[in-house]
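> Below are the chains, spelled out letter by letter.
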Amino acid sequence: MFTVIQGLDMNKPQAKPKTRHSPVRQFLRHPLWAPLNQRSGWDRLATSLNPLWSLMEARARVLKIVDEAPGVKSIWLKPNARFKGFRPGQHVLLELEINGARHSRCFSFSNALGKDGLIRITIKQKTDGPVSGAAHALQIGQIVRLSQAQGEFAPRSNDSQLLLLSAGSGVTPMMSLLQAMVNENSTRDVVIVHCGRTDADVVFANELQTLATQSSNIRVYLHTTETNGHVDADLISQLVPDWNERETLLCGPDGFMQTIEKMYADAGRSQFLQSESFGRRAAPIDPDAAEHMITRGDTEQVFTVQAGQNLLDGAEAAGLQPKFGCRRGICRTCQCLKRSGTVTNVLTGQISGPGEELIQLCISTPNSALDIVL
Amino acid sequence: MMFKTRLEGEALAGFEAELDALRLEVLNDIGERDAKHIRKMRHIVQASAIVGRGSLMFGFGPISWVAGVIGLSLAKILENMEVGHNVMHGQYDWMNDPSLNSQTYEWDIVCDGDHWRHSHNVEHHNHTNVLGMDHDFGYGMLRLTESQKWTPSTLLQPFWYLLLAMNFQWGVAVHDIKIGRFVKGRMKYAEFRERLQPFLKKAGLQLFKDYVLFPALAFWQWPRVLLGNLVANLIRNLWTNAIIFCGHFTEDVQTYTRKEVEDETRGQWYLRQIQGSSNLEGSRWFHLLTGHLSHQIEHHLFPDLPAPRYADIAPRVQEICARYNVNYNTGGFWKQYAGVIIRIFKHALPTRRRLVQASQT
Numbered sequence: 001m002f003t004v005i006q007g008l009d010m011n012k013p014q015a016k017p018k019t020r021h022s023p024v025r026q027f028l029r030h031p032l033w034a035p036l037n038q039r040s041g042w043d044r045l046a047t048s049l050n051p052l053w054s055l056m057e058a059r060a061r062v063l064k065i066v067d068e069a070p071g072v073k074s075i076w077l078k079p080n081a082r083f084k085g086f087r088p089g090q091h092v093l094l095e096l097e098i099n100g101a102r103h104s105r106c107f108s109f110s111n112a113l114g115k116d117g118l119i120r121i122t123i124k125q126k127t128d129g130p131v132s133g134a135a136h137a138l139q140i141g142q143i144v145r146l147s148q149a150q151g152e153f154a155p156r157s158n159d160s161q162l163l164l165l166s167a168g169s170g171v172t173p174m175m176s177l178l179q180a181m182v183n184e185n186s187t188r189d190v191v192i193v194h195c196g197r198t199d200a201d202v203v204f205a206n207e208l209q210t211l212a213t214q215s216s217n218i219r220v221y222l223h224t225t226e227t228n229g230h231v232d233a234d235l236i237s238q239l240v241p242d243w244n245e246r247e248t249l250l251c252g253p254d255g256f257m258q259t260i261e262k263m264y265a266d267a268g269r270s271q272f273l274q275s276e277s278f279g280r281r282a283a284p285i286d287p288d289a290a291e292h293m294i295t296r297g298d299t300e301q302v303f304t305v306q307a308g309q310n311l312l313d314g315a316e317a318a319g320l321q322p323k324f325g326c327r328r329g330i331c332r333t334c335q336c337l338k339r340s341g342t343v344t345n346v347l348t349g350q351i352s353g354p355g356e357e358l359i360q361l362c363i364s365t366p367n368s369a370l371d372i373v374l
Numbered sequence: 001m002m003f004k005t006r007l008e009g010e011a012l013a014g015f016e017a018e019l020d021a022l023r024l025e026v027l028n029d030i031g032e033r034d035a036k037h038i039r040k041m042r043h044i045v046q047a048s049a050i051v052g053r054g055s056l057m058f059g060f061g062p063i064s065w066v067a068g069v070i071g072l073s074l075a076k077i078l079e080n081m082e083v084g085h086n087v088m089h090g091q092y093d094w095m096n097d098p099s100l101n102s103q104t105y106e107w108d109i110v111c112d113g114d115h116w117r118h119s120h121n122v123e124h125h126n127h128t129n130v131l132g133m134d135h136d137f138g139y140g141m142l143r144l145t146e147s148q149k150w151t152p153s154t155l156l157q158p159f160w161y162l163l164l165a166m167n168f169q170w171g172v173a174v175h176d177i178k179i180g181r182f183v184k185g186r187m188k189y190a191e192f193r194e195r196l197q198p199f200l201k202k203a204g205l206q207l208f209k210d211y212v213l214f215p216a217l218a219f220w221q222w223p224r225v226l227l228g229n230l231v232a233n234l235i236r237n238l239w240t241n242a243i244i245f246c247g248h249f250t251e252d253v254q255t256y257t258r259k260e261v262e263d264e265t266r267g268q269w270y271l272r273q274i275q276g277s278s279n280l281e282g283s284r285w286f287h288l289l290t291g292h293l294s295h296q297i298e299h300h301l302f303p304d305l306p307a308p309r310y311a312d313i314a315p316r317v318q319e320i321c322a323r324y325n326v327n328y329n330t331g332g333f334w335k336q337y338a339g340v341i342i343r344i345f346k347h348a349l350p351t352r353r354r355l356v357q358a359s360q361t
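So the protein lines, in turn, are chains A and B. The opening residue of the first sequence carries number 1 in my numbering; numbering runs sequentially from there. The opening residue of the second sequence carries number 1 in my numbering; numbering runs sequentially from there.
So here's chain B without its partners, still in its complex pose (with noise of 0.2 Å):
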């Protein structure tokens, strides 16, 4: 287990204040690499999307059903990952064009826009990985570090995070309604219901599309729309589990209580992100592909500006941090999940509860 670091006076100040100018350094460069680059991508996403479900309704046999699968599943995880995050961000606002404004983007995937703005952008991003702030941390439902409660239950966690990966876009769809604190009485009803709406008005529409309207439009080949359609958004649940967790899961990402962000500077706030993080390695199109989550760290420390510049400036990311002696979590892709799903076990079994323990380096 990795210490936590920690940075006081000076060092604090000018490691604060060398993320600051790096921030400012990108923002000055944006421009129309960056508004071709978004543009292309929801391209990308059309057309494929159009190849998938096309050859799902109109292709014959299993090569043309896997390939519509291929499609559709690239189209959904491109459009969740790489367009619909990080336009709710605010990457691209800047660019003036109505449709890719944050506040009013709207992705294709069981969560409402709405929900996602708040549990996402507001909570998650605000209070990373502080324990009982961020939601984000173990969706209420897993054990991933010995400060949480361990119940007997949390025996069978390997088997509750299997199927909170598979059906995980239902997982983020129901984060905002907050069900748990109306289960334990916390909500009163009307609250409740009124945070239930939205999530049953998107739910019930991206059921239709995926499960009625496309099948029914393929007539006799409904059987393999539906099946294909079921199977693609398994596939980007999946998927987007995997990347997800990867980034903040991993086996040497901190955690933070309430008290350690009391009266928390700037500084102390990229100092938390970076530790409570974690990036992925890889190809052009793996990066692409995992939205720039890839590149978690840089995400987390400035999560409006436009995704593909976080691999431009992670080398210099990872350098301010060697020379302030702040563990840059990073690794190949089978490397980090293989730490996830180490901490997932790890935790299922009864440790004694203590406070995580603050360290000095």
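Next comes chain A alone, as it looks inside the complex (with noise of 0.2 Å):
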């Protein structure tokens, strides 16, 4: 149960193996000395004198705001020392408060990191995002938490021609790539193909068009679905025609990704192709359907539950024995966290958000697939 607050600890992304610690720091870390060495404590009284000197979590401050196409804005963060850097094409988890509690969504990095140790997130707002909603209301000089760098996604090797494809705010992470091959003086062979809906709707066109001349490795395509149709096989096979020689790239919405996807199953060429995107696998929502797959978070078990039946009796009826105390919601001995999927709560009638919170399995009943933290 306890592995519910490592997923929710965010300077944790992952499980990590336990660390021998050295013997003086076992001894200034032991529970004895509290609450003297509670981090905690000191951290709330670092943070009520500065929000950027937090010992324990990688915050930052928002530095500029820059609109970058309707309804995409780029947020310039300034990270304290807990931020340890990341690699071009990986992402992090931005967290907002909103309305007292927190929230959090994955975003490409959209530089590359540079001396001055600046951050550069972009962010498309989505009718339904809180976050991407909040990020947008967001002021200067406001205070942020970020997890640590997350995501491989990057070239897999060293000097393959690559093939970068994108649309919307999808291109981020090829923005992150292309800025870190320019400030290396790198020599390889790239092409990338941008579209957005109409031309004010390409983000970072001037952006792109100005590394294209900084560099002469690079060349740029950009494209204008509304005049010139949508991104197909055909297409990318008459603007790259060495398209299936090449080390691809791709990231976008979900109908842009399956079209490629399909193009590059069909020519074999999967094994080249590397997509990145978040939020793609939610399940659909559909609170009439007779059973709901459950996936338990990193044991990958999955089992099912019946419409209608809360998600203790389900585990139970699986032969699991997760822990639980009143049965009628009041407890919290049955709490979990959920990672993706929407469930009822049968005590308010109310229906949660796609994302991670924290659910009581007695008085949940599933609405999608799920994923949840047992």
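These are computed hints drawn from the structure, not numbers from a lab. You may find that some hints are simply not true.
Below are the DSS-like pairs computed for lysine-lysine, each with C-alpha atoms no more than 30 Å apart in a straight line [unchecked claim]: (1) B/K178 x B/K201; (2) A/K126 x B/K36; (3) A/K323 x B/K149; (4) A/K78 x B/K40; (5) A/K323 x B/K259; (6) A/K115 x A/K73; (7) B/K346 x A/K323; (8) A/K84 x A/K64; (9) B/K209 x B/K40; (10) B/K178 x A/K323; (11) A/K126 x A/K73; (12) B/K201 x B/K188; (13) A/K64 x B/K36; (14) B/K188 x A/K323; (15) B/K36 x A/K78; (16) B/K178 x B/K209.
If you want the footprint, here are the derived chain B segments under chain A, 3+ residues with CB under 8 Å [stated by the list, open to error]: (17) 95–102; (18) 120–128; (19) 236–250.
So the derived list for chain B, only partly shown, Cβ under 7 Å to chain A, looks like this [what the hints assert, rightly or not]: (20) G31; (21) E32; (22) A35; (23) G90; (24) L205; (25) P303.
Glycine included, every Cβ here is placed at the ideal spot set by N, Cα and C.
With the hints as a guide, bring the two chains together.
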């Protein structure tokens, strides 16, 4: 059950093997010396003096906000010393407080790390995304929480020719990769095909052209779908005749990614294609489905729960033994972390959001497939 | 003695629906205000602990000693009642703040957090005032209703009560070990030892902190720190005990038998929570110092709503109770506490043991 908290602790996104600390450190961190050695207490003191002086959390101050395209903003952040930097193509969990509750979502870095240590993330406002909405409402000077950088979205080989395919705000990791190549004076041959609905919607059009003028190895094709139609296999092979000799990185909306993935699968080149997408695997919500698949977090065990059956009964029927107490929603013994999917709270009739949150198994019925940490 | 109200059919359904609606209304309004409140409380706890311990360790003379004791008592009372108890109920889990998570929070008292989560959140809140199931009813040492067994030692229960009140944190700490069951041979030694382990660990850490670490850090001033910590713990014990006893053992609080709660619906459960609890009236600071357990009735109806909300909804709960003719037990601290003391004395004397009579209204 305690993995629940590890899942929530943003600085430890993956369960790490226990590291052995030095005897001195073990001695100093021993619970006997509490509260003198309690980091949370010192952290509260330090952050009340200056919110960036956190001893435990990576935090950052908003330095600059730039409008990139309609509904797309870049946010420049100055992280504190807890943030350990990032590699091009990686992403970060941005945690914002919305009406008192912490919410976090993944966003790719859209710059390469320079000497100033600044971070840029570029965010498209979504109608159903509370975090993107709150990110767009950020003001200069505000403090946000960050996770450490995560992800491995980058070319696998050091010298292969590259093809970058992006649409909309999917260009963000590409910007990071290209910027890093220019900074390193890389001689690698890169083509980027990037599209948006209209000219105004092509995020980073100017910046991409600037990069192309800085390096003769970078070719940029910008494409507007409203006037020139959707990107498809024909267009790619027309623009980049040698596409099937290039290692390819892909990021964009669902439909776009499916088109390209099918193109590569048909050509038998799926192993040269890497995709990056956040929240694409969100299960369709269907409260009327007869049963729902429940994935148990890290164990990758799957069981099913009948519609209308609460998760505690369902898990027990599947032979699992989750902790439980009152079975009427008051004691929270059976509380666990839901990573994705939506549930109905049978006490209140409220339907949850699709993201990470704590749910009580005994009063939650599934509305979609779920990923929970049991 | 008040009669126990029972509702049936449409009245019961209406009563349940009104309380459900009230809960939903508050849930939909939870947000920034509640987050700010709990953070502010935590800051006050930290600040008063620093000031209190500081003036005990480095102060001179009796005035700074008294100030130190007051600061530390305030820190312990607020931390246990307004922060710890409420956080461990899950009142702030919606904030997604790992340091305010109900299942991992650990508080400044000798009672282990997991033990508390079980004996309090699961047993007491679920089986409130059901004799034989709610072990908080009399804490296994006090006879508070005629249907509990009388033994000669019950005659001394005012004295037992005084001992419990003075050492209340220890009473709470050993509660979930279920020593009684072990003594009566209904628990194996292996299980008993396993249950004892978390208690010994937590109690050891707390004793070390208050009676070794902080006194030692004050060098030659250690006696005043040791004594100050002892008095602060005593004040916290007496206060929390008085508040908690006022919540369930005042004169008109009802008890229930196992049979009565068989196949209980949520409406009936609400009804039992109301009639098994009693409120205290007072100022805002009084409510804070009780961790809003002064609104015991609202707390027992909705244990996971942020506690300051209880004060907001109390008039409406009272209004609903009035319409359904359910006794809403409330009064000032001294009136209610006098009721508790009377109850303790009254049931110290032998009376014929009889079952709780179910009465219709």
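> None of the hints should be skipped; say for each whether it holds.
Hint check results:
{"no.": "1", "hint": "B/K178 x B/K201", "verdict": "holds, 17 Å"}
{"no.": "2", "hint": "A/K126 x B/K36", "verdict": "holds, 28 Å"}
{"no.": "3", "hint": "A/K323 x B/K149", "verdict": "violated, 34 Å"}
{"no.": "4", "hint": "A/K78 x B/K40", "verdict": "holds, 27 Å"}
{"no.": "5", "hint": "A/K323 x B/K259", "verdict": "holds, 27 Å"}
{"no.": "6", "hint": "A/K115 x A/K73", "verdict": "holds, 23 Å"}
{"no.": "7", "hint": "B/K346 x A/K323", "verdict": "violated, 41 Å"}
{"no.": "8", "hint": "A/K84 x A/K64", "verdict": "holds, 21 Å"}
{"no.": "9", "hint": "B/K209 x B/K40", "verdict": "holds, 25 Å"}
{"no.": "10", "hint": "B/K178 x A/K323", "verdict": "holds, 20 Å"}
{"no.": "11", "hint": "A/K126 x A/K73", "verdict": "holds, 12 Å"}
{"no.": "12", "hint": "B/K201 x B/K188", "verdict": "holds, 21 Å"}
{"no.": "13", "hint": "A/K64 x B/K36", "verdict": "holds, 27 Å"}
{"no.": "14", "hint": "B/K188 x A/K323", "verdict": "holds, 22 Å"}
{"no.": "15", "hint": "B/K36 x A/K78", "verdict": "holds, 26 Å"}
{"no.": "16", "hint": "B/K178 x B/K209", "verdict": "holds, 26 Å"}
{"no.": "17", "hint": "95–102", "verdict": "holds (count 7)"}
{"no.": "18", "hint": "120–128", "verdict": "holds (count 4)"}
{"no.": "19", "hint": "236–250", "verdict": "violated (count 0)"}
{"no.": "20", "hint": "G31", "verdict": "holds, 4 Å"}
{"no.": "21", "hint": "E32", "verdict": "holds, 4 Å"}
{"no.": "22", "hint": "A35", "verdict": "holds, 3 Å"}
{"no.": "23", "hint": "G90", "verdict": "holds, 4 Å"}
{"no.": "24", "hint": "L205", "verdict": "holds, 6 Å"}
{"no.": "25", "hint": "P303", "verdict": "holds, 5 Å"}
Hint compliance for this structure: hints 3, 7, 19 are not met, and every other hint is.
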